Every structure is written in C-alpha cells, then in structure tokens.
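*Asks:* Sequence:
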Amino acid sequence: MRFSRLFARTLRDAPADAEAPSHQLLVRAAYIRQLISGIYTFLPLGLKTLRKTEAIVREEMNAAGAQELLMPIVLPSEPWKITGRWQAYAAEQLMFTLKDRAGRELGLGPTHEEIVTPLVAAEFESYRDLPVNLYQIQWKYRDEARPRSGLLRSREFLMKDAYSFDRDVEGLKESYASMVEAYKRVFDRCGLTYRVVEADPGLIGGDVNHEFMAPAEVGEDLFVRCTNCDYAANLEAASAAEPGAREGGQEDLAVVETPGRATVKGVTEFLGVDPKALLKSLAFEVDGKPVLALVPGDRELNETKLRRALAPGEVRMLDDDDFQKHGMIKGFVGPQDLEGVQIVADHRVRSRAAWVTGANKLDHHTTGVVDGRDFAVDRYEDLATVAEGDPCPRCGRSLEIGRSIEVGHTFQLGTRYSEALKATFVDEDGSEQPFVMGCYGIGVSRVVAAAAEQHSDDKGLAWPKALAPYQVVVIVVNGDDERVVAEAERVYTELGARGVEVVLDDREAAAGVKFNDADLMGFPVQVAVGKRGIKSGTADLKRRSTGDRSDAPLPGVTAAVLELLESLA
RNA sequence: CGGGACGUGGCGCAGUUUGGUAGCGCGCAGCGUUCGGGACGCUGAGGUCGCGGGUUCAAAUCCCGCCGUCCCGACCA
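Last residue of the first sequence: 622 (this note's numbering), numbering continuous.
I should point out that these hints are in silico values taken from the structure, not numbers from a laboratory.
In this text, all values refer to a predicted model and were calculated from it rather than measured experimentally.
Among these hints, one or two may not hold up.
[Claimed, not checked] Estimated spans, in silico, between C-beta atoms of each pair:
| # | residue 1 | residue 2 | range |
| --- | --- | --- | --- |
| 1 | 282 | 456 | 12 to 22 Å |
| 2 | 451 | 90 | 13 to 23 Å |
| 3 | 425 | 477 | 47 to 57 Å |
By construction, the Cβ of each residue, glycine as well, lies at the ideal position given by its N, Cα and C atoms.
Modelling step: build the complete structure from the supplied sequences, incorporating the hints.
*Replies:* What follows is the structure, encoded as structure tokens:
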C-alpha cells in the first residue's frame, strides 16, 4: 500500500470528545471515526486490525470444534417475551427496537440465546447429535445508558458469541473447558495481558462463569488478584480469607450521646474510636421483612453478595419511610434490642469483642456491644467488599485491586434458556430433556481497544504483530533523491513479494512527519531509507514497541526485516 | 436516570462577561526556498457560529425551547 493513496488522515490533536488513550489514538491514527455516540466507522486501517482480530478468534473457535453460522441482526420479539428478556431489556432500555410495516415489534440483536436455542431444537432431536457448539462473529446492538471510551463500550460492537449444547452437565463442563482454553489462545495470540477471573454468578446461583480481564487504567471493572498465587476474581465476586480470633476484651454496655453524628466518620471522630470498632448496621427489606446487615465500620457492604446470600428474596434498601415503619432510627441503628429483625453479619463481625453501634435512639450510640451477649446474629456471611491488602482466600497472602477491561465472558448456563424455550432432545432412555447450555462471548472490537490500551505509549500505538494493519512501513526519507526512492521502492516490492504487509510512505512530506505518523499508527517495524544511509550503504530499522534501532546493509534489508519480524511477538 | 461541562471552517481553540464587519494555530491548495524526528515565506480556498423561536436598529454574544457530544455516578455485561 502506498501511503499517498491510503485513506488515512492523521490528526495532530486528539478530538475534544476523546479521553481514553485507545480512543484518542485510534482516532488520531485514522483507525476509527465516530458517527454518533457509541457508533463508529472503521477506516481502512481500523478495519484491517479488526479483521485480524476476528480471524484469530475464528481460527481458535474452529480449532476447538465450534461451527460458524450467521444469525440475523433483526430479531422478532416473541422468543424474547417468552424468556422475559424483552421486558427486562425494555426496562433497562438496552434493546434498540423497531417496527416493520405490519407493525410487528422487532429488535436489533444484543445477544442470541433466544434465537440459537430454538434453532438447535428444531434441527437436532437426539442425544446422538450432541454435543454441538455454534458461534457467529457479528455486530451486536445495545443501547447503552452511557457509551464511553470509544470502542471500549460502544452501542454497536463486533462480538463473537458461541453457544454450546450438551446432553448433561458433564458434557457442558467439557465444552466449557474447551472454550476457556480456546479463549486463552485467542488472547495470547492477540498479545493481551489478561487474567481469568471468577465472576459474580448472579441471582440464579451455582452457575460457573469466568471473565477474561485485560488490565488497563481506563478499565471499568475492578478485580482482585493475589500477589502470590493465581487467585483472581471480579470485585463483585471476590472474597478474602476469614478473619482469625477475636480482638479486644469485653466491655460493659454504655449509651453515650452523639448529637447529629449519623455517619461512621462523624461518630468515630466524635468518640475518638477507630472506624474498625464501629459496627455498621445497614437496614434492608427482604420480601417485606426487615433485615439488618452488619459490617465493620471500615468496610463497605457488597450488595451483590448480600443479594446472593438472601436469594431468592428480593432485597431492597430501606427508604426514610421504611425506617419509621420498622421502628428504626436512620443513622442510629444497632442490632441490640431489635425485635423481629433478621440479622446477617459479615464474618469479620466475629473478630472483635466489643463494638460501638447505634443505640436505636436519636443522637445516641452504644459502646461495649458484644456479639452473642447483646445481640444474636442469625447468619454469618461473606458480605464486605474486598479491600486492598486483605488476605487471599486461597493462600492467605495479600490481595490487590486492579482496573481492567472485560474482553471475554464464559458462562455455564445450564437449562435456563432451553427450559424456558422448551428446547429439548430425546435422551438415550427415550425421555425428553432440555439442552444443557453454555454461552461464550468475546468483544472483538473491544479486544482491539484493549490491545491499543496495553500496546501504546506517548507517541502512539505499538501493535503486536498479529493485530497490526501492516507489519512494516518503509519510509522514503528524501523524496527528491532518485536513489533513495529507488531503494525504498525496491525494499517495498521485495517485502510485498515475500508476503509481508507493507506500507510505502511515499508522501511529499517532511521526514519528521513520516516518522511521527509511523510511530502514531503503530506499525511494528519501520524501515527508513534516506540519503544518509545510502551514503554508508545502509537503511535504518526500528522496532516500534521498544524503539530499538539498527542499521541493515542495503542489499540485505529485506532479509533483515524478515528476521526482525520473525523475532517479534 | 441524577450531577457537571461543552457545541464557532477538517482538528484544536479564542471571541460570549459589557450585542456593533467572524478570528488564531494546525491542516488543505498554488508558487518558491528547505529536506533524517511534526520546516519557512508569500498567496489563497474554506464557516447557516448545533437547530428553532424571541428581544433589539443590530445577536456567535441576551432570553426561551429543542438537539447533539463528552465526563462523574446509577445501571449493564
């Protein structure tokens, strides 16, 4: 490709509406352009990188035995109404909906369980046909409440979604394991640094699922990882090791005045006690009945964990009116002396002898409150959000928290969709059984953004070889020198003949502009052919990712480039 | 959905407070000089100032409504 013909105009300044590094760079380097919020055009360079990512995903899916198909983007509402997700998505306003000329309700596909499940049920009727794993690579539509950071969270995005259908849970586990391995190969090949983390199983409970998290500053997801072993989990799902023996001695109960001090900060500062010694009592209603959740004052309650612990009950935080109804005083609630209130406490509540907590009396707190003596906990659960430095649940060493981008998600669905959609097969004993399903997603366009986040610096993008739109750029440093042009053309042609994807920067521009654009666009290898080098019989090779430079004798430039490429990841 | 900010040539911005001929830098076109890390000079093209209404002799600027975009949060996966 000749740069002078390439549909790519780089920008010196990042557009004002881009903030994330990958977003700024992909726009500046002419990979993408925004059309409307969360919807982007892929320019020739961006499309090449997207297609390469897609090809890697496709190869690994095929290698894992999955079969590619292509389902429609425009979907009927009926199957979604059966599973209840039409209503759910409508409530979240996540589905782009439309109507055809007959007034039929349609939606743009946000995911395809409702489509693939009836399809398989209609085609395959026997256990003999199973297992089967189907996937597609296709544009998905989700009318996100807040699209952000360019390709990291867009409303139209390229996704690989796979669906496995097994006869039983054993089969599902095999299908699942094979997908997880395929995912690892995909992300390895894309040059991503990532962790496989345990994710929140959700309210269904028991479902195994993993997220593939690529660490990045701009990541939206917080995840916990052990500094020693390989434990890693989404913060929502993470646990820490349970605390040890009780600290501190018993004390006598005493009610003290704490005028207007309704917060942890207010109370502990007023009384001069450590937030660790305060017992936070958070009031909820579960199916109409009051529940108190207890966590130490220096801890945040993880509502997801609470919901899971109390499932299938509907958990709702109390509003001001509810406090009155249940005879509680907001800001001064304590677990002692409360009648008819279920008390759920974090494990850490066991680790301290005496607590300061609300006195259930306006502007008063009680000190010396002892678990077991002054109040009775109904259930101990893991309720607190993991904090930096907590002990690992596996090895006990320190945990740390990082930000990351979710590039993939694998899920053991079970029979949730097949039962709802009455998708069954006939088993060996003649009985009708619902398919045991798994679903597996990779955000292909998001992988591009994640790779840009992980492989870039202040000068621009620095693609891993596998994702670069072109492997090599040959820079004509002095366009007015015939020998320079001839040598550059020769190298360009030779590389092309050897199957290397190469750009010849033949523009009439100052050398500095070309060097800077080459850095910005992130081609892994740069070859500079100029007067200076010609004089000494060499061309300059530069490795973009490290900045390492070397001279290659002119006759052997092509071989030197091939060798350098070979050595790159 | 709650909070905040912004909308002026392709990109980045000034001008709005105090209404009075629409500006700057980059980029783009032509000519010349330059030429190994974003060169210089001269000349030039390019703008319904987001849209609609209102106030006024006069609106980028003041008022009302709408639309769009981004950021924080909620939500989502």
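*Asks:* Now look at each hint and say whether the structure bears it out.
*Replies:* Status of the hints after comparison with the structure:
no.: 1; hint: 282 with 456: 12 to 22 Å; in the structure: holds, 21 Å
no.: 2; hint: 451 with 90: 13 to 23 Å; in the structure: violated, 41 Å
no.: 3; hint: 425 with 477: 47 to 57 Å; in the structure: holds, 52 Å
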